[in-house]
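Sequence order for the protein chains is A and B. Letter by letter, the first sequence follows residues -17 to 297 in the numbering used here. Letter by letter, the second sequence follows residues 1049 to 1479 in the numbering used here.
Rather than coming from a laboratory, the hints here were simulated on the basis of the structure. Glycine is no exception: its CB is placed at the ideal position from the N, C-alpha and C atoms. Any given hint might turn out to be false.
Covered stretches of chain B (in silico footprint by chain A; criterion: 3 or more residues with CB under 8 Å from a CB of chain A, positions within the stretch not fixed) [said to hold, decoys possible]:
#1 1336 to 1347
#2 1355 to 1361
On the chain A side, residues computed to face chain B include the following (Cβ under 8 Å) [as the list claims (entries may be wrong)]:
#3 Phe84
#4 Glu88
#5 Ile146
#6 Val149
#7 Val209
#8 Leu278
#9 Val281
#10 Leu284
#11 Ile285
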Amino acid sequence: MAFFALSLLNGVSYGLLLFMLSAGLTLIMSMMGVLNFAHASFYMLGAYLAYQVSAWIGFWPALLISPLVAALLGAVFERWVLRRVHRHGHASELLVTVGLSFVMLEVVQLVWGRAPVGYRIPAELEGPLFTLFGSPFPLYRAFMMGVSILMLVAIWLLVSRTRIGLVIQAALTHPDMVQALGHDVPRVSMGVFGGGVALAALAGVVGGNAYTTEPGMAFSVGNIVFVVVVVGGMGSLGGAFVASLLIGVVTTFAVSLDQSLLHLLQAVDVPVTDAMANHALLALKISQVAPLLPYLLLVSVLIFRPKGLMGTRET
Amino acid sequence: MPTLHRTHIPARERQAVLWGGFAFVLIVAPLVFQSGLALTALSQMGYMIIICLSYNLLLGQGGMLSFGHAVYTGLGAFCAAHALNHAGAEGVPLPVSLVPLVGGLGGAAVAAVLGWVSTRKAHVPFAMITMGVGELVFAMTPMFPGLFGGEGGVSTNRVVGEPVFGITFGPQIQLYYLIATYCFACTALMFLFTATPLGRMLNAVRDNPERVAFVGCDPQTVRYIAFVIAGFFAGIGGGLFALNFELVQGSAVGGLTSASYLLYTYIGGTLLFFGPIIGAILSVLVGVLLSEFTKAWALYLGLAFMLIVMYAPGGLSAILMANLRVAASGKFSRLVKPGSALLAATPVWLAGVTSLVEMTYHRQIHAPLNPTFRHFGVLLDVSDGADWAGAAALALVGGVLFECARRGFVRHWRMVQEEMHALEPGAEGAS
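Chain A with its partners taken away, still in its complex shape (with noise of 0.2 Å):
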């Protein structure tokens, strides 16, 4: 039970730190049709910037200057790179993405190094916030589930209840009206990639100290957030922060199980013989498939509902 509960609880803040991530691409995806290949490169950037302004001048500020150094320079990329090529057509959008997720890499590299920096959560949100069942729950992990809760509620206000959010959904699907109304549909994009960006970096300035900030972070991550976005739906926020969830807690769960087919056969009363115990696919472990699981479902998704789980167009 006490397994169960916290395994629970880490998955969820892990599914919500992903659904962060996902959040923006999916904004950005939906309104511009890019796929951002370069997304989980500003997640690693904001926990970098973080790092090195919590140093400075400490973690509170950081939360704040670290998505808005990022949103300007998703902006300036949109502005003077993306917009450049969006002529040539969406493959070169996604490949130019694909170039500056590698160019940021190794600025990264360049400028922190190759080894992990020692970004530490402050002390004011170490310790355990409550004992469940004898084991305690980091204060922290409430404080990043708290975070992506309060940043999902903004988005929703801010797209559903706002004028800007108005002009933004209308820019979604008839940009030329929008256009023709006077409305700047291209600043409108600009906006909406630094914002997207700027959730990615928010979510790097709370998990970086949760997890490591090292140079491989965007690679781990970057591929997870796009099995998020396509299972949940393409440019469903709704999708994306299910698919999220079911994400999180299914990888964490998967790794702290070790069962393997050969503990089913022996459940229905299968004897089991010693070629089997060494066959390769029955013994292995859930806990050895876990990093598979996301991609399973990635590709299961694909051939079986290619919409995604709440979306409303084909991918």
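We have chain A; now place chain B onto it with these hints.
Just chain B now, kept in the frame of chain A:
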């Protein structure tokens, strides 16, 4: 699709000259560059040419942006390595020279299974599916140590069986000529494929799948067949890789390997058949030479890739052909002046930028031990503010000069292109 400007030589003879020249270069290259390093580099170029061309069957010919091509080269390499080990252990009558074909069949078989999932969609969804499939296969490699050799990888030995005509493939030069033979044969086969009805249909699917479906041809089937063919050639490239290194590790199927195929193929150029050959040669030059020369090679590569995507989506081969077209029309003399200004400004700018980058890297890695290093023969000191200011000034001045020269060149270039377009008979149909 851009072609050479019409000249007096008939097309058939020009082709014969080009292919003869290609074969000649493949034969003569190891006689000109005789060092061990050069021979290794040439061998790598041979199979990288096959791999990049096979990748371009998807990207250039079929408009399929794949992020998982290393799955087919890598699994081809694993197949070849296992085949070689079995040929050695049990005396299976499999000559070493045919081992790459085993890799090719392996690659095709894997592509026949995974391609069925991948090719149902095109464009961005295709890219995401191939990425997912690629990560899936990569995540599997540590799970099956019997198949993928765990962390150490599968090692093998290419000197097995009876030598045929005294050829054991032990010495690198013998292996080079095997790779060169495969390289020529695969290049020729892939070129012939582009001229077949299926190859033409693949171009049509790239440009207008709806129209293809309307004609009564299923775009998914065309994509699927092309995917399997690309998998076959990728597997041959992987098989040659296995013979060359005698070791295949899990990273051979990884996402980074796939991304590098994409990068180099695109830099070489996807619009022309021979573009990826330039990319493949570049990949080895970067991997073997540039990475020795500077720690920041990946940064330069990423920036070069972004610049190519932004300013020259046709890649280096398209730049080359456009210049040849201008030369053939006899207007090249008008571009000499702005062109040489551009060529003069570029090194100034690059010298400034690379100095800044190299100084930052040096500061990061070696500074506490030794603050000085040589960059293009100039002694730079990372603890000296004057050096930093000098490098920054050089980068700034060079950047301004480069931008001025670039604008001048673009203006002249456009003028020449418009005149050529106006003169060319029946130019309306050309791209």
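Unmet hints by their number, sorted upward, for this structure: 5 and 6
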